[in-house]
Amino acid sequence: MSVKLLYIEDDKEIGEFVYVHLKEQGYEVLWLPSGERALEEAAGCGLAILDVMLPGLDGFTVGQRLKKADPSLPILMLSARTAIDDKLQGLQFADDYLTKPFHPDELTARVEVLLRRFASVAAEPLAVKHWLVYEQENRIENRETGEELILTGKQFQIFSYLLRHLGQIMTKEQIYEGVWGEAYLEGDKTLMVHIRYLREKLEKDPAHPEIIETVRGIGYRVKP
Amino acid sequence: MKRDKKERRARKGGRFFQSLQSRYLLIILSAFLFVPIVFPVATILYYLLGVFVQQQDMQELKYGNTSQIEQMFHQQAAELSGASNQHISDTMHKLRERYPDASFFWVDGEGETKLELGGQIELPAIWSNEDSIQFMKEYTGSDTFTVLAFIGDKPLGQGFMAMQLPRSLVQSNTRLIFEAPFYILFLILVFLFFVALSLLFFRHIRRRLLRLQAAMTRQGEEGLPLPVEQEKQDEIGQLEIAFNEMILQLRAGRQREREEEELRKELIANLSHDLRTPMTVMGGQLYTLHKEPLSQSGRETVKQLENKIDTVSSLIENLLSYTLMTSGRYPLELALQDVLRLVRESAASWYPLWEREGLAVDIELPEQPLVWSVDKEGFRRILDNLFQNVVRHAAEGGYIGVAMIQHGEQSALVISDRGPGTQSASKEKGAGIGLAIVHYLVREMGLAWHIDSSAAGTRILIYPEAAADYFLNKI
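Just so you know, the protein sequences line up as chains H and F, in that order.
With the working numbering applied, the first sequence covers 1 to 224.
With the working numbering applied, the second sequence covers 1001 to 1475.
Quick caveat, the hints were computed from the structure, so don't treat them as lab data.
None of the values given here were measured: they were computed from a predicted structure.
Glycine included, C-beta positions come from ideal geometry on N, C-alpha and C.
Mixed in with the good hints, there may be bad ones.
[Stated by the list, open to error] Not the full set, but computed from the structure, chain H residues with beta-carbon under 8 Å of chain F: (1) Asp-11; (2) Leu-30; (3) Arg-81; (4) Lys-100; (5) Pro-101; (6) Ala-183; (7) Gly-187.
[What the hints assert, rightly or not] Straight-line Cα separation of at most 20 Å, EDC-like style, residue types lysine to aspartate or glutamate; simulated pairs: (8) F:Lys-1291 - H:Glu-106; (9) H:Lys-189 - F:Glu-1367; (10) F:Lys-1376 - H:Glu-177; (11) H:Lys-23 - F:Asp-1362; (12) H:Lys-172 - F:Asp-1362; (13) F:Lys-1303 - H:Glu-177; (14) H:Lys-223 - F:Glu-1357.
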């Protein structure tokens, strides 16, 4: 079953090619030329892509209303204005933001990241190297042997945090704050210790990790 | 117009008497008149005061004053001219009844004391010349007021009669105030009154000026002072009116400025939208073209066009951002931040692109936070522009390094590449505006930066303004 995307764009030419592009990527797309009926049409959609400059209700207002009605609906803003102007308006409600002109591949990448972050219930298992991850069931299975991998709560949380940001580099502070929910204190080794144990369980050769990659000086990343 | 002028003149006339100038002139005038006029006037006033006091005294004396008693006694004596001894004696008794506090005696023509009423002094029975002189000597100017009167018109014809009263009954003590020290004191009081008046006058002016000054420094809404209440029609009142008018003008100016700023902002937003929309369409068409079967050179052309679209769009972004920022539409919210954390996060988002461009990434940042007072978004913008510069103009060097160098308390962030240096990189002019934004933001955040560029590469240092001397010398 493909995910349904709500796409609001008043410019016909841009709308046309984005519509076609997203269709090609296997999404079901509902394209509206204005935000008036956004709230009603959003039902059943897995993600909303909004243009900032719309006739009538502007993209910010539509986005804020959508978010208020359903906080679990990820919202990606497309803007043709200058970034600082948009930032002044406040983008707190939006989950991601892309300025025009954007590369269609960039758009698809962002949509995928957002969908994964807001993972809907029927998420399919994610394959990472020799593992199959069933996030909803808190279960990780070895594809080769069918054995289940037993992780501690924190280890699983760290791993799924990185999986939710697949392909993105996350800094130590971001991971710590995302998993523990409190401010990271400099020099805290807790995260590194957890990652070491996690690697010992995940990696075939923990001395040369292939799943959780260390990006020197920045943080960690799980490549798709 | 004419009526206006007339009215104004009439108002001016009325205002003259209310003006500080006229009041000041009045005080100065009285100061000049002080010597020639105030002295005599004070003297006259003083004299009148004296007369008034005297009249008060007379009402207080039950027998009248000395001259009235003398006059009465001499008249009585004159009336007794040629009267019999019995008549004289009766008259004396009647006088005694009228003036019970007084004593009387009568000496006849032969010098014999005929009658003595209420006297406490011993009188000679027969008056010799020595006795008379002795008596005169004793009572002239003494505490006892004495009146002597010859009876009849011929001296010593029928003798003389005398009346004696304690002087306190006919003379008041208040006369004392007519003496010199009191007069000088009075003059000093008049002088002090004048001084006090001047002081009050200037204190009043001072108080109002201070009130106006306080009103000017106090800030109301929008950072403008509030209008003051006009107290009087004088010069300070005029000043208050002018001040209020100035505030109104300032407010109008502020309003106009805000409207213009709003217009400019809207213009830029529209301009941005109008430029980017067609570029997005162009990008979309190129993407579609990508999927068509193309020759090698066709694919290269499409790739080049895509790059140009990227360049132009970042140019638009930078140009419009710069305009907005420098017109004060981007208020920086400075707060203490760990900038290394911002650097790591920014590097994390740039990392995939660096990988794609084949850059070796060397990030050497310490664990300890580096806390500077920066605006989060602004600092990210600085990093974005610098990182983008490396990708655009120094990718051929195949290297990007981010590090921190330290000297004592001071630290500097260093971004280095091994590109051909900024001089030769300027073949793509787009770098200028991006760096102008960096320059603007760095300065607004109280930081400083330095570009150290050679053919072997470029190093960009960012450090707090306070550490500028050290890091500049080091390079």
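The hints, checked one at a time:
no.: 1; hint: Asp-11; in the structure: 6 Å, holds
no.: 2; hint: Leu-30; in the structure: 19 Å, violated
no.: 3; hint: Arg-81; in the structure: 5 Å, holds
no.: 4; hint: Lys-100; in the structure: 4 Å, holds
no.: 5; hint: Pro-101; in the structure: 4 Å, holds
no.: 6; hint: Ala-183; in the structure: 11 Å, violated
no.: 7; hint: Gly-187; in the structure: 6 Å, holds
no.: 8; hint: F:Lys-1291 - H:Glu-106; in the structure: 16 Å, holds
no.: 9; hint: H:Lys-189 - F:Glu-1367; in the structure: 11 Å, holds
no.: 10; hint: F:Lys-1376 - H:Glu-177; in the structure: 18 Å, holds
no.: 11; hint: H:Lys-23 - F:Asp-1362; in the structure: 40 Å, violated
no.: 12; hint: H:Lys-172 - F:Asp-1362; in the structure: 17 Å, holds
no.: 13; hint: F:Lys-1303 - H:Glu-177; in the structure: 40 Å, violated
no.: 14; hint: H:Lys-223 - F:Glu-1357; in the structure: 18 Å, holds
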